[in-house]
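Please arrange chain D on chain S, whose structure you already have, making use of the hints.
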Amino acid sequence: MSLAEPAALPVAAVVSPRSHIVARFSARLKASLPAYLLLLPSLIFLALFTYGAMGRVLIDALYQRATPKAPLRFVGLDNIAAVLADPAFTGAVVNNLIYAVGTAVPSIGLALLFALALARTNAVTSALRAALFLPVLIPMVAASALFLFIFLPNVGLLDYYIGRLLPVVPNWLGDPDIALYAIMIITIWKNAGYYMLFFLAGLQAVPGDVMEAAHLDGAGPYQRLRYIILPELKPTFLFVIVIATLNAVTQVDHVFVMTKGGPSNATNLVLFYIYQQAVEHYDIGMASAATLLTLAALMALTALSFRTMANREGGA
Amino acid sequence: MKLIDALTRDAPLATRNEITPKLGFALTVLLALAWLIPFLWMGVATLRPASDGINLMAELMPSLKPTLDNIRDAWEIGDFPRYFLNTTIICTGILLVQFFTITLAGFAFARLDFAGKSPIFYLFLMQLMLVPVLLIVPNLRIIAQFGLYDTLAGVMMPFFASAFGTFLMRQAFEAIPTELEDAALIDGASLIQRIRHIYVPLSIPSFSAFAIISVTSHWNDFLWPLMVINSPDKRPLTVGLSVFTATAEGTQAWGTIAAGTLMVIAPLLITFLVFQKRFISSFITSGIK
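So the protein lines, in turn, are chains S and D.
Its first residue numbered 1, the first sequence is counted upward by one per residue in my numbering.
Its first residue numbered 1, the second sequence is counted upward by one per residue in my numbering.
Derived from the structure by calculation, the hints contain no laboratory data.
None of these values were measured; they are calculated from a predicted model.
Note that beta-carbon positions come from the ideal geometry of N, C-alpha and C, so glycine has one too.
Watch out, some of these pointers could steer you wrong.
Here are a few chain D residues that face chain S, going by a calculated C-beta distance under 7 Å [stated by the list, open to error]: (1) A32; (2) W35; (3) L104; (4) G250; (5) W254; (6) T261.
Straight-line alpha carbon distances no greater than 30 Å define the calculated BS3-like cross-link-like pairs of lysine-lysine that follow [said to hold, decoys possible]: (7) D/K22 x D/K277; (8) D/K117 x S/K30; (9) S/K260 x S/K69; (10) D/K277 x S/K234; (11) S/K234 x D/K22.
Simulated coverage check for chain D against chain S, where a stretch passes if three residues somewhere in it have a Cβ under 8 Å from a Cβ of chain S [what the hints assert, rightly or not]: (12) 136–149; (13) 202–213.
In isolation and in its complexed conformation, chain S is listed as follows (with noise of 0.2 Å):
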C-alpha cells in the first residue's frame, strides 16, 4: 500500500499529457484526412504496381519449381546463385555494359555537337532541330522496322551505298562481331536528338555577359567550351548520363524484333533476358531473381548520382 500510494501520483500526472498527445494526434490525422483521401487513388496503384511488385519479385526470387509442373519449394538464394552462374546472364551483363558505353558515350557526345550548333534560334535552326528530334517520337519498333532493311545483307541501304566501297561486305545482324554495334546505332540515332533537348536547355543558362568577357578576352572556341561552356553544362551532363544508362537498361525492344538476341547471344540484353526467362522458359524464380538484381544495380547508381549531385550543389 505504501508502495502503491506514491506511485499512483505521478502516473496520474502523467496520463494527461499522453492523452493530450493522443489527442493531438488524432487531431492532426483528422486533419489530414482530406489529404489522404486525396492521394488514395495514386497510392492504391502505387502500391500494387510499384511497392506490390517489388515485394512480388523479392518473393518469387526465393521459390523454384523442380519441374515445370511440381509445386514450389523455398530455395532461398539459389535462384541468385543460379543466375549469377548462368553464362546467358554474365553474357547479358557484360553486353549491357559495352551497349550502354557504346550508346550513351556517342549520343551524349553528339546531342553536345547538335546543341552547341543549335543554340541560336532561327527558322534554320528550328528545322535541324525537328529533324533531329523525329526519331525520339516512334516507337522503337518502327524504328526497328526500317532498319531492319537499313542492315539487310546485300540489298539493303547500308550495303546499297555503302556496302560496294567495303572490300567484303559485312552481314550486319548475323556477324556475332557486328551485331551488337549495328543494335547501338539505332539507340544513337534514336536517343541523341532527346539528350540535345537538355543541353540546349542547358546553354540557355550560360551566362552572357561571362561569354561577352571571353570574347573581349579574345578566347577562342576551345577556350570558351572548356572553361565556360562545359563547367556550366556539369549538371545537364550527370542527368543526360543518368537517363542514358536508364535507357541502356531499358529499351530493349529492337533486340526483340532484330535479332532475339541472337546470333549466338550476342545481343543479348539483361532485360531481354529476363523476358526469355519468365516468357520463353516459363521461369518466373530465374526471372525474379535477374529482375532484383538489375533493380539494385540501377537504385545504387541512381543513388550515387542523384548523391553526387546533391553534394556538387551543396559544395557550391
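Below, chain D alone, put in the same frame as chain S:
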C-alpha cells in the same frame, strides 16, 4: 558560304571569323540530313511499285510510277484499324485515369498540410527510380491474379498512378495564387469544387504537357503489352507492327513493311509537326518519367 554568313548574322562580332563553329554547324547539317534518311527511305519505299524488284528497293530516288499498292496491302494484311483502336483505347484510358489521380495527389502535395507528408512524398519519388518496365515480371503476375491477363485494362493498369505527373501538377498548382482560392473559400466552395473550378482550368498547359509525354510513351510501349496480350485482336500498334514485320520479312515484302511502319508513326509525326514547340518543351520537362 553565303548561307552560313546569313545564319551567323546574329552571332557576336568576335566569333564571326572563327572557323570551328562553322565546321560544327556544317557537320550538324550533314548529320541532320543523315538522320532523315530512314524516314526518306520509308516514304520512297512505300510508294515504290513491287515491279521494281528487290534490287532497287534501297534506291532513295523516288520511283517514277508511284503506287499506293503497298499501303493497301499493309492495311489488308496487318489489321491496322484494329491495332489503332486498341492503342487509342489504351492511351486514352491511361491518360484519363492519370488525370484523375495526378490532379488529386498533386493538389494534396501542393496545398495541404498533413501528417507524414515527406515520407509519402518519398514513396512517390521512389517510383521514378523503380522504372516500371523493369517490373514486367512481377506486374504480369499481379495482373494475372486480378484476372486481367490478355485484357486492355491489364495493359493500362500499372500506369494509372504517375509520380512524374503528380510532381508536374504539384508544381503547376503551387504557382497559382492562394488569393483565388481564398475568395472561393469565402463563397463556400468545397475542396473538390475549388480543384475543379480554380486549379484545373488554370493548369491546362501542364495537363497538355503531361498528356504529350504520357500518350507518346504509351503509344510506343512494346514489351509490356507484348507480355500481357495474347489474342491477336487485342494487340496494340507496336505489337501488331512487330508481328506484321516478322511475317512480311519472310516474303521480303519491304515496301509493305515501309507502308506499315509509316501508318504506325504517321499520327505521332503529324501531331508533332503541328504542335512542335509544345512537344519540345514537354519533352524537356520529362527527363526521367
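Going down the list of hints, with the structure as the test:
A hinted interface residue such as D/A32 counts as satisfied when its beta carbon comes closer than 7 Å to some beta carbon of chain S; here the least separation is about 4 Å, so the hint holds. Below 7 Å, beta-carbon pairs count as interface contacts, and D/W35 has one with chain S at about 5 Å; its hint therefore holds. With a least beta-carbon distance of about 4 Å to chain S, the hint placing D/L104 at the interface is held under the 7 Å criterion. Here the hint on D/G250 is broken, as its CB sits about 12 Å from the closest CB of chain S, past 7 Å.
Interface restraint check for D/W254: the shortest CB-CB distance to chain S comes to about 5 Å, inside 7 Å, so the restraint holds. Hint status for D/T261: holds, given a least beta-carbon distance of 5 Å to chain S, under 7 Å. A distance of roughly 26 Å separates the Cα atoms of D/K22 and D/K277; the hinted pair therefore holds under the 30 Å criterion. Between D/K117 and S/K30 the CA atoms are separated by roughly 14 Å; this keeps the pair inside 30 Å, and the hint holds.
For the proposed pair S/K260 and S/K69, the alpha carbon gap of about 27 Å is at most 30 Å, so the pair holds. With a C-alpha separation of about 26 Å, the suggested pair D/K277 and S/K234 falls inside the 30 Å cut-off, and the hint holds. A C-alpha spacing of about 24 Å is found between S/K234 and D/K22, which places the hinted pair at or below 30 Å, so the restraint holds. With 7 residues having a beta carbon nearer than 8 Å to a beta carbon of chain S, the segment 136–149 of chain D meets the requirement of three or more and the stated coverage holds.
For the segment 202–213 of chain D, the stated coverage by chain S is violated: 0 residues have a C-beta nearer than 8 Å to a C-beta of that chain, whereas at least 3 were required.
In summary, the structure is inconsistent with hints 4 and 13 from the numbered list given earlier, while agreeing with the others.
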